[in-house]
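Visitor: Sequence:
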Amino acid sequence: MDTTTTKRGLPLHWMMLIGFIVGLAGGMAVNLLIGPETAWVVWLTENVTGPAGQIFLRLLFMLVIPLLFSALVVGVAEMGDLKSLGRAGIKTLLLTIVVSGIAVVIGLAMVNIFRPGDGVDPELAARLLAQGAEGANAIVGNAPESVQFGQFFLDLIPSNVFTAAAENQILPVMIFALFFGVGLVMAKSRATDQLQTTIEGILEVTMKLINTVIKLAPYAIACLMFNLAALFGWDLLVRLAAYVGVAVGAMAIHMFVVYPLVVWLAGGMNPIKFFRGVREPMVVAFSTASSNASLPVSLRAADEQLGLPRKIARFVLTVGATANQNGTALFEGVTVLFLAQFFNIELSFTQQIIVMLVCILGGVGTAGVPAGSLPVVAMILVMVGVPAEGIGLILGVDRFLDMCRTTLNVTGDLVLATVVSRGETDASVPADLEEPTAPGV
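Each residue of the sequence shown is one higher than the one before, counting from 888 in the numbering used here.
For the record, the hints were derived by calculation from the structure and aren't laboratory data. There may be inaccurate statements among the hints.
Stated by the list, open to error - The calculated SDA-like cross-link candidates involving lysine to any residue, where the alpha carbons are at most 20 Å apart (straight line), are: (1) Lys-1160 - Pro-1147; (2) Lys-1102 - Ala-939; (3) Lys-1102 - Phe-948; (4) Lys-1102 - Thr-1175; (5) Lys-1095 - Thr-1084; (6) Lys-1095 - Ser-1177; (7) Lys-1095 - Gln-1083; (8) Lys-1102 - Ser-1177; (9) Lys-1075 - Thr-1085.
Please read all numbers here as calculations on a predicted model, not as lab measurements.
The task is simple: from the sequences and hints, build the whole structure.
Guide: Here it is, written out as structure tokens:
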């Protein structure tokens, strides 16, 4: 997340926090002093704050398909020529999938074990669920509660990608985008280079539009939080604190258990030496919450502190800035399951597998803009039948979690570079990859 500012000069994340506090305070006052059943409160939530939050969410849904498609295609295409990359490219791709998968599994396991969303009054949750279901289903339709395992994998391959996009079947569209990106890499020509440039243009336009929509977030957060706080009262604060604790705990396990094991076993490096070498990128990532701002520092640390082959480190870290986002994938999984628990919706094993796959792919296709993971989270919520309005619950604490997950992302890029570099030299990678350009995020 960057430090986008408003016309008043306040950073966007501060405006979002203010919106969160205003909505929370107003909703709590209504819950404690007036009551959510009062006639004017019902009119306000149904005709003002509710529709205002829905407009914000619908704008995000409108941009999900072009965002995910273009980001995934560009992310894969930026890996360069698969044949010339050889071992380095294959290692990068496989490790990205495996380590991101581990991150999501840790997050889902933590939420299932500690269940931070439990404890809310079922009647209140059912009321808000009913309020949000009509608007959510109008956008993406009803999600099936369970499917046969074989049919699930068959449905991943769209027979008609345009039909899948029209019906908001996100996973098949993402699979098509991955294949399309691989096709661009394999069929290198002047025409495909122009096509890639066009898709990059679509990505830039979509990201610009998301930046514009996100500027509405402070007002949407205030409306969404007012509705939630007016209905749930103190239960909201207790559940929110539990959510932050579980999310940070899952990130800590991935950072201080998984990463050291990967560096030691797969990278052949002492974990203590590794973390000493990446202290500066970690500090920059946490303080700025920006992978882009951390990239130059990460490149220097890989060269000077870790002693990795320069060409390989530059390639892996540059690609990893967009495609290897372990922290983002973990955050998305934790958030979806937490909100499902909050609204007393039990997700089946198959639905949690779907969540995991979308989170892994979403980590590759998440835009590097403020609240860039927001469209993916919102879409996954509705895919599994959770009201997207619940996303307002987590936006107020998202800045701190963004700092944590960006640190996890940047450290994961350096872990990936360390593992890929094992047994490789600069001569292993073609000269045209020596000076990669930073991804446009």
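Visitor: All hints, please: hold or fail.
Guide: To see whether the hints hold, each was checked on the structure:
1. Lys-1160 - Pro-1147: holds, 10 Å
2. Lys-1102 - Ala-939: Holds: Lys-1102 and Ala-939 sit about 14 Å apart, inside 20 Å.
3. Lys-1102 - Phe-948: Since the Cα atoms of Lys-1102 and Phe-948 sit roughly 16 Å apart, the hinted pair holds (cutoff 20 Å).
4. Lys-1102 - Thr-1175: holds, 19 Å
5. Lys-1095 - Thr-1084: The given pair, whose Cα atoms are some 16 Å apart, holds under the 20 Å limit.
6. Lys-1095 - Ser-1177: Satisfied, since the Cα-Cα distance of roughly 17 Å is no more than 20 Å.
7. Lys-1095 - Gln-1083: Within the cut-off at roughly 18 Å; holds.
8. Lys-1102 - Ser-1177: holds, 18 Å
9. Lys-1075 - Thr-1085: Between Lys-1075 and Thr-1085 the Cα gap is close to 15 Å, so the pair holds against 20 Å.
Consistency with the previously given hints is maintained throughout, with no hint failing.
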